[in-house]
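Colleague: What follows is the residue order along each chain.
2 protein chains.
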Amino acid sequence: MMFWLLGPKLVLILEQFLFSFDAAEELKEAIAKKNHKLVYLYNPNLVDEIWKGSRPMPPNKPIRIHELKYAGVDVASKLSFLRSELIDTCSSAIIVSMLDEIAWLLNLRGGDVPHSPVMYAYLIVEVDGAKLFVDNSKVTPEVLNHLKNAGVELKPYDTILSEIESLAAKGAELWFDTSSVNAAIVNTYKSACDRHFEIHASDRKGNLHNGSNNQSWGPSGVYRASPISLAKAVKNPAELEGMHNSHLRDAAALAEFWVWLEGEIDKDVKLTEVDVADKLLEFRSKQAGFIDTSFDTISGSGANGAIIHYKPEPESCSVVDPKKLFLLDSGAQYVDGTTDITRTVHFGEPTAREKECFTRVLQGHIALDQAVFPENTPGFVLDAFARSSLWKIGLDYRHGTGHGVGAALNVHEGPQSISFRFGNMTPLQKGMIVSNEPGYYEDHAFGIRIENLLCVKQVDTPNRYGGIEYLGFEKLTYVPIQNKLVDLSLLSVAEVDWLNNYHAQVWEKVSPLLDGSAREWLWNNTRPLVKQ
Amino acid sequence: MMFWLLGPKLVLILEQFLFSFDAAEELKEAIAKKNHKLVYLYNPNLVDEIWKGSRPMPPNKPIRIHELKYAGVDVASKLSFLRSELIDTCSSAIIVSMLDEIAWLLNLRGGDVPHSPVMYAYLIVEVDGAKLFVDNSKVTPEVLNHLKNAGVELKPYDTILSEIESLAAKGAELWFDTSSVNAAIVNTYKSACDRHFEIHASDRKGNLHNGSNNQSWGPSGVYRASPISLAKAVKNPAELEGMHNSHLRDAAALAEFWVWLEGEIDKDVKLTEVDVADKLLEFRSKQAGFIDTSFDTISGSGANGAIIHYKPEPESCSVVDPKKLFLLDSGAQYVDGTTDITRTVHFGEPTAREKECFTRVLQGHIALDQAVFPENTPGFVLDAFARSSLWKIGLDYRHGTGHGVGAALNVHEGPQSISFRFGNMTPLQKGMIVSNEPGYYEDHAFGIRIENLLCVKQVDTPNRYGGIEYLGFEKLTYVPIQNKLVDLSLLSVAEVDWLNNYHAQVWEKVSPLLDGSAREWLWNNTRPLVKQ
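Chains as they are written, first to last, in the UniProt record's numbering: chain C, 1 to 532; chain B, 1 to 532.
A couple of the hints might just be wrong.
When chains are identical, the list treats them as one kind, so a pair holds in a single copy or across two.
DSS-like cross-link-like pairs, simulated, lysine-lysine; straight-line CA separation at most 30 Å [stated by the list, open to error]:
(1) Lys-509 <-> Lys-392
(2) Lys-286 <-> Lys-155
(3) Lys-355 <-> Lys-531
(4) Lys-286 <-> Lys-475
(5) Lys-484 <-> Lys-52
(6) Lys-279 <-> Lys-475
These aren't lab readings, by the way, just hints derived from the structure by calculation.
Here chain C stands alone, though its shape is the one from the complex (with noise of 0.2 Å):
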């Protein structure tokens, strides 16, 4: 966005492809009532006359195919899907912008985005035809043909703007979901159907004695939330399969990260949280089917670990204070599925504080990982479960308690959430994957976070009131949570079982991928602990 002062008034100037729809008209709304004015940019591209030849070329990865076990379900499944959501909304075609939603569509992936496997690209879904608008060079023949097959034709990235206007003119109802669309593409649509509406209005007028003034006045667009967010949302039993796998192997990575880690800690040797991120990333790229991290690595060591989004660099960061928690998010793509890890740890002796908050935090991991919930539950009514053990000493933590996740996709997807903003009603639906992350950050101290990740599945209650489906949670996760850091006396009987039982599902899923000292770590690691 750029702007230019005109006397009193501010001139906003709005790169539309950079901003959704719904994010422009606010952003006007808001400057008219400042007595500003925004106006859109057009071509000439004023923003490429800045760069001028500066500019860096676009990514330009190629495209992979995510294979059908993996996916579970065909591209011709899907589109046939989302066409009967069209004929259901009475669209002619739904304009798919969301990267995520169209690899997801497409059952395929790119790299054009860190930490994404999602290339840069358009789709268009009619009723009876799709095109991708995506550069040419990142399509292999293998792609091409997997495009083909399922009746998807292919368009150069920039004809978007051009097609749209063309299924305008031809009387196309588009449907847009306005919150990730962008502004160009709407306003494009909106001026097209416009001057489409002038035309065939005075065409109308010498038609009016015809009988035919009762035909629909041109196009004016669908707008409505994209149908293709939920669908992703909800794994299907190869997705599931894909991430259970996936988060084994990361598993069996984090094991001999941390045998590797302690023993460097135990020898003094000093390294900083950039070098600790670095190793973790070695030591999973060693694992079948490494892709990429799935999110910069945050690792906080001390005062760092209660930044909550703290991203370390290499010139500035810290190095890890062996007598202080040390806090560790982190995750990976691979071919199979994505992952999301939270651990603290201390290297030493935990302070009774330190104890105390490590120990609430669990409580409250534990309450959010065994709860049972009537199906059209949505997330936040489950986010107190994950707070009340903080709340009862007056502590608690400025973020959600979980986020959707992308199976080998975007580490934050929608539309579920489990979070204290009470907006989001999405119901927690069976296949939906959640994060469960509670945290407590003592500023300039210490940050902690337990996070595993959480696949929605049904429940076998004994009853079932209202005759609806009970829901619950299985986990994905299965790597150690420090003992050490965990004051006994706190925990009910039942809390201290849930953590017995999940390192005794540690050791008994992830040891066969062990051996030597990360075996003997995990062994060490998932010892029961006893309540006297």
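For chain C, the structure is supplied; the task is to place chain B on it using the hints.
Modeller: Leaving out everything else, chain B in the frame of chain C:
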């Protein structure tokens, strides 16, 4: 509401005094959509035509003063708070039509509505005066004096509309809470304003050139929620003391009642649900300051307990079955407070199923009772705490968990609630009273509910993360919960401790008010449970 059929259309005639403005407008819209028509009833009153001479006289109980030692704040202070709200909203006056709001504002109580100590009246509070519209015959000289001291003028009940008209004519901006003020009042004001506007508009025409065209074009009304509802919900120390004291006397009456009932059942006396409710009233009415029941007693044996708003009738109700669960939900109006309590008991040997369900309801009751939460938390955030234990085995209940309760006023009041309905965003605040009443109802078998009243209080937490207050609850109700129905194997140590502590407090607070068999009953029913 009456309706006439005119051809294919319905014409609905609505008695405007019986519908809030919002409800009438909603009805009007719904009817218009179906191409029917809604007309408001004006004089001559068609309904009165139908009644002719047979209509019962309106209730006409004398109004009494709610003593300052119970009210805590004098009328002048309450009116002064309300007038500052008038100034803040640029209103000339507020129209108060909620009977409990009028009673609370004026520290008066009436007897016109069964179970609710209110009188039929309207109140108009202006910046420099106040008018109470009430039947003169209810006003004792003492009340008249009380009102005069507070600067409140008396007006005949049926002059409210003409007063509204004359205020509109004077250009008064009136504040209406259209969710409660009836349609007659709002519509009278609106049409009076319209007339006023027309007169002034024609006046103005001649004046346009005198530079007066910037003057306001007459009043249009201020439409927003009443500020009295929240002020009334947050109890002051005197109100809380009255609530506490009346609850102890109520508990004493209940102890006497329960020992009597158990004795009768032991002697094989056949008692109907109504007999039992009548006897309970008898015990309560012996307590100092007793005025009325606070709602129709729900006395349900066996399957009748599963009917949530069951009201036993003498001619049709059941005999209390000693082999079944018995649910008793009742309350009283005392001069100093209002009570509402539910207990579920078994006179013989409960089944394992009954014990499991009872215990899970109790766990929900304990979880809510013990909740600590940050200020600004709406009640619905806590609702899941009360259901969680039932959800674990696929059970639930189809009513909210908590409602507001007035201090020596209506047993149901807003604005706060604790419910699975997520619309009520009112935060729970220090001094608010809520019921804690989870339940479980097995159709054709039994009903279980355990209800105490709680007062929201500040909790002295060891931390205050975010620099805010953390809130919790203080119990008002001190009546034993039947130990016999508890399945100890399901309770945690902390839950057993809660129950034993509660019973210790019941003994400590209520035994001084009892002697003889009731005191012995209390001793037997407050003995600690021991978890092996």
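Colleague: Indicate, hint by hint, whether the structure satisfies it.
Modeller: Evaluated hints:
{"no.": "1", "hint": "Lys-509 <-> Lys-392", "in the structure": "between (35 Å within a copy, 26 Å between copies)"}
{"no.": "2", "hint": "Lys-286 <-> Lys-155", "in the structure": "neither (37 Å within a copy, 87 Å between copies)"}
{"no.": "3", "hint": "Lys-355 <-> Lys-531", "in the structure": "both (16 Å within a copy, 28 Å between copies)"}
{"no.": "4", "hint": "Lys-286 <-> Lys-475", "in the structure": "within (24 Å within a copy, 59 Å between copies)"}
{"no.": "5", "hint": "Lys-484 <-> Lys-52", "in the structure": "neither (58 Å within a copy, 83 Å between copies)"}
{"no.": "6", "hint": "Lys-279 <-> Lys-475", "in the structure": "within (26 Å within a copy, 55 Å between copies)"}
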